[in-house]
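S.K.: Going line by line, the protein sequences match chains A and B.
Heads up, the first sequence is in the numbering used here, so the first residue is 1 and it goes up one at a time.
Heads up, the second sequence is in the numbering used here, so the first residue is 1001 and it goes up one at a time.
Just so you know, the hints here were simulated from the structure itself, not pulled from any lab data.
Every value quoted in this text rests on a predicted model; they were computed, and no experiment measured them.
All C-beta atoms in this analysis are idealised placements derived from N, C-alpha and C, irrespective of residue type, glycine included.
Check the hints yourself; a few may be wrong.
[Said to hold, decoys possible] Here are the computed distance ranges between Cβ atoms for each label pair:
1. P5(A) with K1087(B): 37 to 47 Å
2. A15(A) with G1011(B): 49 to 59 Å
3. P1008(B) with A12(A): 55 to 65 Å
4. G1011(B) with A38(A): 53 to 63 Å
5. S1006(B) with P2(A): 52 to 62 Å
6. P2(A) with Y1043(B): 28 to 38 Å
7. R4(A) with H1078(B): 53 to 63 Å
8. D162(A) with W1038(B): 39 to 49 Å
[Claimed, not checked] Examples of chain A residues lying across from chain B (beta carbon under 8 Å, computed):
9. L86
10. Q130
11. T134
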Amino acid sequence: MPERPEHKPALADKATVEGSGIRLEPLPEGHLLHVIGAFDGDSLANALPTAGLATSTVRAAGYQQWYITGEESLPPSRIALLADHLKGRGFVSDQSHGRIRIALSGPRAADLLAQGTAVDLDAAAFPIGQSAVTLFGHVSVQLTRTQAARFELTVLRSFAEDLYEMLEHAAAT
Amino acid sequence: MASLISCPHCGVRPKEEFTIRGDASLARPTGDADAGVWYDYVYLRDNPKGRHKEYWHHSSGCRRWLIVERDTVSHAVHTVSDAALAKLGGAA
Chain A
1 MPERPEHKPA
11 LADKATVEGS
21 GIRLEPLPEG
31 HLLHVIGAFD
41 GDSLANALPT
51 AGLATSTVRA
61 AGYQQWYITG
71 EESLPPSRIA
81 LLADHLKGRG
91 FVSDQSHGRI
101 RIALSGPRAA
111 DLLAQGTAVD
121 LDAAAFPIGQ
131 SAVTLFGHVS
141 VQLTRTQAAR
151 FELTVLRSFA
161 EDLYEMLEHA
171 AAT
Chain B
1001 MASLISCPHC
1011 GVRPKEEFTI
1021 RGDASLARPT
1031 GDADAGVWYD
1041 YVYLRDNPKG
1051 RHKEYWHHSS
1061 GCRRWLIVER
1071 DTVSHAVHTV
1081 SDAALAKLGG
1091 AA
């Protein structure tokens, strides 16, 4: 039997960075489901407990698009449950292995992000729970404010290391 | 070139997040149209002074095609609408 490639987290070699007023950490590669459909984000969030995803969060990712994320790795049967629930209204695409999440927190987090993105990060314009698909430098990211001083960046897997190093560098200066 | 585009889905973003395709008012000729008509459609473009409608793609954002009406002299952006939704609604 041929050897099968072993899954290795994209940021397995990266450590959490703690600086003055900043904390940068790779998040577990749990689940990340891309949902496309003609409904609103609230009705999608309400559908999650029925599909067994009560602890997952919904993030807007553009016109009629969302990402459902969580720390837990999901077997195909659990994803199929959600797909069945949305049948006829929306589509689910599993992106768990394709996109990586990075958390940035602390009083300096917004200032550090402002170095790379044009999104207005003022709490009034970008409150907790708000998401934006944007650029960080030249890298496409989805930026979410999860707490007052905590953000998550979702990035394509092949850009994860580069983005992490960019943030490490910014955190150190 | 306008430096800020107000995406109807994402809000105000810098032009670096977008790619531009060109004139949004061109009508594609039918397949059996005269070669001269096709030549004009493919190769000839107006270079308007003032208000102009263009297709812009929010490639690093929501990935929707937009119709941006901007002034080629002042760079002011007048209107931005979602191209597909505008088409469904019958107005560009």
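S.K.: Each of the hints needs a verdict: does it hold here or not?
M.R.: Okay, the hints, checked on the actual structure:
Distance hint check for P5(A) and K1087(B): the Cβ-Cβ separation is about 45 Å, which falls inside the suggested range of 37 to 47 Å. In this structure the hint that A15(A) and G1011(B) lie 49 to 59 Å apart at CB is violated, the actual value being about 35 Å. Under the hint 55 to 65 Å, the C-beta atoms of P1008(B) and A12(A), about 40 Å apart, miss the expected range. For G1011(B) paired with A38(A), a C-beta distance near 22 Å fails the hint of 53 to 63 Å.
Between S1006(B) and P2(A) the CB atoms are about 53 Å apart, so this pair conforms to the stated range of 52 to 62 Å. Checked against the hint of 28 to 38 Å, the pair P2(A) and Y1043(B) fails, with Cβ atoms roughly 54 Å apart. Between R4(A) and H1078(B) the CB atoms are about 57 Å apart, so this pair conforms to the stated range of 53 to 63 Å. Between D162(A) and W1038(B) the Cβ separation comes to about 44 Å, which falls inside the hinted range of 39 to 49 Å.
Hint status for L86(A): violated, given a least beta-carbon distance of 20 Å to chain B, over 8 Å. Annotation: Q130(A) was flagged as interfacial toward chain B, and the flag is violated, the nearest CB pair being 10 Å apart, outside 8 Å. Interface hint at T134(A): satisfied, since its Cβ lies 6 Å from the closest Cβ of chain B, which is below the 8 Å cut-off.
In the structure shown, a violation is registered for the earlier hints numbered 2, 3, 4, 6, 9, 10, in ascending order.
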